[in-house]
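Chemist: Take a look at the letters that make up each chain.
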Amino acid sequence: MYRYVFFGGKGGVGKTTASSSYAVKCARQGVRTLLVSTDPAHSTRDLFDQAFDDDPQSVAGYENLDVMEIDPEREVDNHLSEIKHSMGDQVSQSMVNEIDVQVEMAHRTPGAYEAALFDRFIAVMRDSDEYDRVVFDTSPTGGTLRLLALPELLESWIDRLIHKRKKAIDLYEKAAIGNMEPRRVMDGDPIIDRLQTRKERFEFAGRALREDATFFLVLNPDELSIRETDRAIDKLVEAELRVGGLVVNRLTPEPDPDEQGRGARFLRDRVETERERLAEIEETLSPPVVAAIETRVAEVKGGLLDEVADELDIDVTTRQAA
Amino acid sequence: MALAEQIDTYLDAVEEWLRGLYHGMVTHPAYEKIEKEAEDVEDTFMLACFPDAFGIPSPVSYYTAELLPYLTEEFEAWERRLWDRGTMLERKGQQYHF
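Chains A and B, in that order, are what the protein sequence lines are.
Heads up: the first sequence begins at 1 in this note's numbering, then just goes up one per residue.
Heads up: the second sequence begins at 323 in this note's numbering, then just goes up one per residue.
Hints are not guaranteed to be accurate.
[Claimed, not checked] Where chain A lies over chain B, by a calculated footprint (3+ residues, C-beta under 8 Å):
| id | segment |
| --- | --- |
| 1 | 325-334 |
| 2 | 337-344 |
| 3 | 365-372 |
[As the list claims (entries may be wrong)] Pairs of lysine-lysine residues, derived as DSS-like cross-links and limited to a Cα-Cα distance of at most 27 Å, are as follows:
| id | chain 1 | residue 1 | chain 2 | residue 2 |
| --- | --- | --- | --- | --- |
| 4 | A | K10 | A | K235 |
| 5 | A | K235 | B | K358 |
| 6 | B | K358 | A | K174 |
| 7 | A | K164 | A | K84 |
[Said to hold, decoys possible] In silico negatives: residues of chain B with every beta carbon more than 10 Å from chain A:
| id | residue |
| --- | --- |
| 8 | M347 |
| 9 | R403 |
| 10 | L404 |
| 11 | W405 |
| 12 | D406 |
No lab work stands behind these hints, which were simulated from the structure alone.
A quick note: this is a predicted structure, and the numbers were derived from the prediction, not measured.
For glycine and all other residues, C-beta sits at the position ideal for the given N, C-alpha and C.
With the rest of the complex left out, here is chain A:
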């Protein structure tokens, strides 16, 4: 099994249930596991009945299992204040205002949220040496998925920026006549330095996602969910990412055969429809269905989590990186 495992899907389908169950499953097998939640609602804390934060924390009652919650909004704010801070060091106050507008704007764009999240993903993947497996519970935006497919694009964009910057500096150096100081110098240029660091991070992310990560998509047995999953698979495949399988959640439990009441008839009809949907999923979507989880009477937590973990037919064994 791959080192980084992502669970995705549209809102409310049960990503947290699936990812947490899988994390529990891994941990039970003695695999040191980190579960990373990015859902702003942070259902992980309800699931484990424990408060988590930005730092990995061990879960009471489970060995080998740590959980961390990333708050993208806070990440954006941190990034913003970091920039402002370094601006205070670098720039005179009179210049700050002009630049402030641009900095603020960059953090209020729709993409900022995903960019911050992606940044954090990369950081978590880089510093995850003490774990054998990192399970990501991604937030329900299509944006996250899109961003995970982006490292190459971002990388080539950054590459282009580096190239342009180098060319401009080269020309400035050539334009400095005699003893004149060139307007910019290549040596120790902070811009090239930063861009290079960025590029390396995207390179790492691209490699890790292609070679050592797999995606599981969670869906419910209804048309909308199936469509959406179909599109998500296309996107992932297009980005040359691996889709390990599908987790179908919220299946209606079948009533006992001797029950004939109205409720039982309703359930039987529902089960029939869902069976067709499940067949459709197995037929039309290429990744294998690795679990079909029935709706529980109550929220999946505590002991129920272990039960669901048993239903997941996903490999947990660690392997050497490909």
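Given chain A, put chain B in place with the hints provided.
Modeler: Just chain B now, kept in the frame of chain A:
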């Protein structure tokens, strides 16, 4: 001796004038041209970094915002150049001092 000195001074003056003339007509415009070209390249660099300054959304502006503290002067000059620039012809023609 006086004549030789006179000739030397004269030649020095001529040489200085020629050097000045060469610098003014050839060297300086050439370097100016290179510097202008550098500015142009820098402009495209800045545009690729911050297209949203002109209303074009970009997936990298979140990351390039990190560069701004080091780019303040360039950023100001860039915005001014872009807003001020009339036509490409005008910009490219500036090197000819008619």
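Chemist: If a hint holds in the structure, say so; if it does not, say that too.
Modeler: Do the hints match the structure? See the list:
no.	hint	result
1	325-334	violated (count 0)
2	337-344	violated (count 0)
3	365-372	holds (count 5)
4	A:K10 / A:K235	holds, 14 Å
5	A:K235 / B:K358	violated, 43 Å
6	B:K358 / A:K174	holds, 12 Å
7	A:K164 / A:K84	holds, 25 Å
8	M347	holds, 14 Å
9	R403	holds, 13 Å
10	L404	holds, 13 Å
11	W405	holds, 13 Å
12	D406	holds, 16 Å
Hints 1, 2, 5 from the list above are not met by this structure, while the remaining hints are.
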